[in-house]
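Participant: Sequence:
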Amino acid sequence: MPTPTAIEAAIARWLTSSSPHPAVAHHAWQDGRPVMLRTDGPYEAVRMPRSLVHLAAESSAPDVVSDVLAEALKGPVICAPGRWYYALVPPGTCETWQSVEAVVCGRGGWLGIPRPGCTAPTPVAPYWAVPVEQAGKLCAPDAVAELLRVGRARLEGTAP
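Numbered per our numbering, the sequence shown spans residues 354 to 513.
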């Protein structure tokens with residue numbers, strides 16, 4: 354793995370800031386493995402069903418889905434192939450979340466976080482569908498709820 358840039362290093366520090374042992378995470382990432390990190394630090398995560406995300410994007414092609422997510426959510430999203438997408442959202446989102454389409458992993462939750470910059474789709478390992486661009490830049494919960502609402506409307510045939 355190449356030496357990280359200052360921005361990549363800042364992102365890695367931010368992602369691991371909820372861990373009492375961030376060096377363990379950094380070592381796993383150097384080996385190409387995702388790490389389990391708590392979601393009760395600088396971010397929480399909305400677990401979005403793959404089916405609704407693909408319907409909202411009107412595609413299941415990884416590059417198309419990534420483009421739609423980047424445009425709609427303007428923040429980092431992890432793809433866990435085969436099941437879920439996780440939008441990273443601000444702390445406290447689980448306390449105010451109102452959409453029945455997804456749940457928020459908040460305080461006490463854990464999430465498999467791929468190495469920063471790991472954006473190549475894989476069949477089983479998580480990857481960044483929308484990478485972290487800067488530490489602290491997150492998806493807006495309202496935008497995540499709207500994306501899921503659009504997916505649900507297309508599923509039910511009520512979308513324009």
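Bear in mind the hints are in silico, worked out from the structure with no lab data behind them. Hints are not guaranteed to be accurate.
[To be verified] Computed list of lysine to any residue pairs in SDA-like fashion (alpha-carbon distance at most 20 Å, straight line):
#, residue 1, residue 2
1, Lys490, Asp384
2, Lys427, Trp367
3, Lys490, Ile360
4, Lys427, Gln383
[To be verified] The following label-pair restraints were derived from C-beta to C-beta distances:
#, residue 1, residue 2, range
5, Ser404, Ala362, 32 to 38 Å
6, Gly461, Ala506, 29 to 35 Å
7, Val453, Ala376, 37 to 43 Å
8, Pro443, Ala506, 22 to 28 Å
9, Thr472, Met389, 35 to 41 Å
10, Trp463, Pro434, 17 to 23 Å
11, Ala473, Arg436, 40 to 46 Å
12, Arg436, Ala381, 17 to 23 Å
13, Asp384, Ser412, 31 to 37 Å
14, Leu508, Ala362, 26 to 32 Å
15, Glu411, Gly445, 15 to 21 Å
Glycine residues also receive a C-beta, built at the ideal position from the N, C-alpha and C atoms.
Participant: Evaluate each hint against the coordinates.
Facilitator: Against the structure, the hints:
{"no.": "1", "hint": "Lys490 to Asp384", "in the structure": "26 Å, violated"}
{"no.": "2", "hint": "Lys427 to Trp367", "in the structure": "18 Å, holds"}
{"no.": "3", "hint": "Lys490 to Ile360", "in the structure": "13 Å, holds"}
{"no.": "4", "hint": "Lys427 to Gln383", "in the structure": "27 Å, violated"}
{"no.": "5", "hint": "Ser404 to Ala362: 32 to 38 Å", "in the structure": "36 Å, holds"}
{"no.": "6", "hint": "Gly461 to Ala506: 29 to 35 Å", "in the structure": "32 Å, holds"}
{"no.": "7", "hint": "Val453 to Ala376: 37 to 43 Å", "in the structure": "39 Å, holds"}
{"no.": "8", "hint": "Pro443 to Ala506: 22 to 28 Å", "in the structure": "26 Å, holds"}
{"no.": "9", "hint": "Thr472 to Met389: 35 to 41 Å", "in the structure": "20 Å, violated"}
{"no.": "10", "hint": "Trp463 to Pro434: 17 to 23 Å", "in the structure": "18 Å, holds"}
{"no.": "11", "hint": "Ala473 to Arg436: 40 to 46 Å", "in the structure": "18 Å, violated"}
{"no.": "12", "hint": "Arg436 to Ala381: 17 to 23 Å", "in the structure": "21 Å, holds"}
{"no.": "13", "hint": "Asp384 to Ser412: 31 to 37 Å", "in the structure": "32 Å, holds"}
{"no.": "14", "hint": "Leu508 to Ala362: 26 to 32 Å", "in the structure": "41 Å, violated"}
{"no.": "15", "hint": "Glu411 to Gly445: 15 to 21 Å", "in the structure": "32 Å, violated"}
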